[in-house]
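If you're matching them up, the sequences are chains P, D and E in order. Each residue of the first sequence is one higher than the one before, counting from 1 in my numbering. Each residue of the second sequence is one higher than the one before, counting from 216 in my numbering. Each residue of the third sequence is one higher than the one before, counting from 442 in my numbering.
Hints are computed from structural coordinates only; laboratory data are not their basis. All C-beta atoms in this analysis are idealised placements derived from N, C-alpha and C, irrespective of residue type, glycine included. Be a bit skeptical, because a hint or two may be false.
Now the in silico label distances, taken between C-beta atoms and shown as ranges [stated by the list, open to error]:
(1) Asp-90/P / Pro-228/D: 36 to 42 Å
(2) Val-286/D / Ala-640/E: 46 to 52 Å
(3) Leu-137/P / Ser-465/E: 36 to 42 Å
(4) Leu-501/E / Ala-408/D: 53 to 59 Å
(5) Ala-451/E / Trp-180/P: 34 to 40 Å
(6) Glu-508/E / Ser-187/P: 42 to 48 Å
(7) Pro-438/D / Ile-155/P: 33 to 39 Å
(8) Ala-431/D / Ala-497/E: 49 to 55 Å
(9) Thr-534/E / Ala-160/P: 23 to 29 Å
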Amino acid sequence: MLVAPGAVVAGVFRRVMVSAILVTLPLAIAVGLVSVFTRPGATVLFALGPFDATLEGADFAARVVLRLVVMASALALFGLTTPVRALIADLERRGVSPRPAFALGAVVGAVPALAARARDVRDAQRARGLDTEGTVLRRLAAVVPLAGPIVLGAIHQVEARSLALEARAFGRPGRRHLLWAPPDTGSQRLARWLLLAGLAAVLAGSMTGFLPRLP
Amino acid sequence: MALELRSVSYRYPVYRRLALDGVNLRVDDGEIVGLAGPNQAGKSTVCLVACGLAPASIGGELTGEVLVDGVSVRGLAIHELAGRVGIVFANPASQLSAIGGSVFEEVALGPVNLGLPVDESVARTRAAITALGIEELAERRPDRLSGGQMQLVAIASMLAMRPRTLVLDEPVAELDPDGRRLVGEALRSLARAGTALLIAEHDRELLASLGARVVAIDAGRLPVPA
Amino acid sequence: MIRCEGLVHAYPDGTRALDGLDLSIERGERVAIVGRNGSGKSTLVRHWNGLLRPTAGRVLIDGVPTEGRRVAELARVVGLTFQDPDRQLFARTCRAEVAFGARNVGLRGRALETAVAAALDGVGLAGRAAANPYDLGPSKRRLLTLACVLAMRTPIVVLDEPTMGLDTLEIARVSAVVASLATEGRTVVAISHDARFVASSFDRVVPLDAGRVVEDGPPG
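Hey, can you work out the whole structure from these sequences and the hints?
Have a look at this one:
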């Protein structure tokens with residue numbers, strides 16, 4: 001409910017929804033299939049062999065999938081709108097080590113580079129006659145020549161980068177005096193408090209029975 | 216004596232043969248030394264040993280002494296080594312941290328990591344950027360620069376930690392002629408300003424234009440046995 | 442052999458990597474393409490094996506337009522090496538790596554073995570045939586990718602920065618390979634920043650700037 005408007009405001013709505021849906025799709029399919037066919041229920045929609053697809057099952061599946069999509073899109077919104085340096089700076093200010101954030105940021109930041117690398121690998125192998133447009137069997141055979149250089153080369157690049165970073169004292173224990181802190185305006189602080197208060201209210205409401213039980 | 220390798224032998228982890236075998240190398244304060252030799256002779260290994268990444272970061276066995284500013288660096292942890300000797304590699308893009316929003320922040324990363332107070336970090340960053348002549352790039356995004364410009368940022372990033380010696384492993388090998396010119400000019404002005412440089416390079420013209428004293432390495436040996 | 446007529450390649454945002462480029466390369470020529478990064482060199486050569494398609498204009502290989510021809514098919518005529526060797530090496534041994542391309546273009550049995558052995562020998566890696574490519578240094582891996590394209594025995598051979606990071610001996614090897622390809626009647630095109638290599642091994646230099654040919658002629 002909050003994620004969607006947030007994403008619209010940040011201008012990344014489409015990207016958030018696309019990544020959220022892509023990420024949850026395999027899980028959603030699996031959960032959906034299992035729930036629809038195996039959850040106990042009275043109203044049978046249709047039958048497939050020994051399995052009955054029930055309305056209750058479909059209802060359950062729909063709610064689970066919706067929850068998954070919401071979680072995934074919240075994460076995606078966070079990932080797409082938070083610059084890594086803001087995360088690192090903020091964590092450090094609060095006394096938390098920045099290294100996990102950097103590691104995460106490096107992984108996320110590596111995605112476009114990895115995609116570019118994958119394209120280059122595909123081009124290079126096609127130039128050597130690898131058929132990526134043929135039959136399914138042909139394309140299966142193409143997996144190793146495509147995956148190999150992507151993975152190996154990516155590892156190489158990570159090694160090179162970490163050497164250079166170590167030479168710049170990255171990972172040195174002790175406090176750092178950062179040049180830049182992410183801006184924390186009055187309205188941002190207010191929004192944080194409101195969100196937390198809202199969450200507390202919802203939890204209290206569902207526990208006292210005032211609101212329908214949270215799934 | 217800015218940098219000295221005394222009878223240094225080094226073996227990479229897992230490999231059995233010695234990558235360096237009794238290497239003797241001296242770089243005086245403010246001197247420019249070129250390291251020439253065929254590929255696989257040990258040029259890159261000398262660079263890694265000189266800045267301490269070998270063995271402190273990548274492991275392996277080192278015998279002999281590595282002295283920076285007259286002091287042995289044996290046994291020091293990597294973060295204790297940082298800033299004593301700067302190192303620049305051939306590939307410009309892989310030396311960027313990818314978390315610096317601007318060239319200024321990228322160059323400042325070293326001093327900040329050293330735990331320096333803010334005004335000191337800023338002062339050192341400004342000085343390094345001026346020394347490399349990249350003031351007009353200060354607000355640009357590092358990943359949008361040309362190869363030569365990225366390499367200047369990489370050099371500035373090391374320089375900001377105020378090492379007396381800079382070690383460069385084929386700094387212009389992956390650059391186009393424009394980039395080579397840019398980096399060559401920057402190295403010339405660094406040399407004039409008194410930084411000691413150890414440059415592993417095939418490009419003899421670059422070494423000559425820097426007035427470098429060229430030493431040759433072959434099969435891990437320096438000097439090469441007659 | 443290779444003909445570009447009014448070749449235009451534009452990105453989705455409208456910028457033109459190639460801006461109406463005309464070029465003609467005859468069979469057996471040794472041509473070097475030079476120009477600063479961003480002048481369109483890599484974009485140009487990728488049109489010759491179909492990896493990129495023209496936005497406007499056309500490309501003819503051996504008199505036949507590339508339109509409608511698949512990359513796998515054009516790869517039998519135009520062999521292309523890439524600037525970063527590590528973006529294509531995947532096999533466990535050098536021999537298997539070199540055989541990959543050769544097999545893809547249809548070589549089998551004795552012909553395949555001979556082509557692989559000759560290619561490895563040509564780049565001086567005959568003794569490392571059973572070694573893992575990643576046990577060789579980066580410069581030898583670059584020579585290995587050269588062997589990979591040699592074994593494919595294509596009439597046209599295109600090399601992207603074949604001497605980057607190579608020492609004097611290794612560069613001499615590449616020059617020798619270019620020379621022997623020329624004596625076999627093959628067409629050799631190289632993208633290179635190495636002025637000395639270009640002057641010694643090629644008889645024609647095609648400079649590119651902003652997606653067009655500037656002035657065509659023998660090495661100055």
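Exercise for the section: Using the Cβ atoms, figure out if Thr-534/E sits within 23 to 29 Å of Ala-160/P. Expected result: holds, 25 Å
Exercise for the section: For the range 34 to 40 Å, tell me whether the beta carbons of Ala-451/E and Trp-180/P fit it or not. Expected result: Given a distance of about 38 Å, which is inside 34 to 40 Å, the answer is holds.
Handout entry: Outcome for the supplied range 36 to 42 Å, where the beta carbon pair is Asp-90/P and Pro-228/D
Key = At roughly 38 Å between Cβ atoms, Pro-228/D and Asp-90/P fall inside 36 to 42 Å, so the hint holds.
Problem - Outcome of range test on Cβ distance (Val-286/D, Ala-640/E; 46 to 52 Å) - result: Holds, at about 48 Å.
Practice task
Return holds or violated for the Cβ distance of Ala-431/D and Ala-497/E against the range 49 to 55 Å.
Solution key: At 53 Å between Cβs, range holds.
Exercise for the section: Kindly confirm whether 53 to 59 Å is satisfied by the beta carbon distance between Leu-501/E and Ala-408/D. Expected result: holds, 55 Å
Exercise for the section: Look at the Cβ atoms of Leu-137/P and Ser-465/E and judge whether their distance stays inside 36 to 42 Å. Expected result: Given range 36 to 42 Å: holds, Cβ gap about 40 Å.
Handout entry: Hint check for Ile-155/P and Pro-438/D - Cβ pair distance inside 33 to 39 Å
Key = Given range 33 to 39 Å: holds, Cβ gap about 36 Å.
Handout entry: Satisfaction of the hinted span 42 to 48 Å by the C-beta atoms belonging to Glu-508/E and Ser-187/P
Key = Taking Cβ atoms as reference, Glu-508/E and Ser-187/P lie about 57 Å apart, which means the hint is violated.
Violated hint: 6 only; the structure is consistent with all others.
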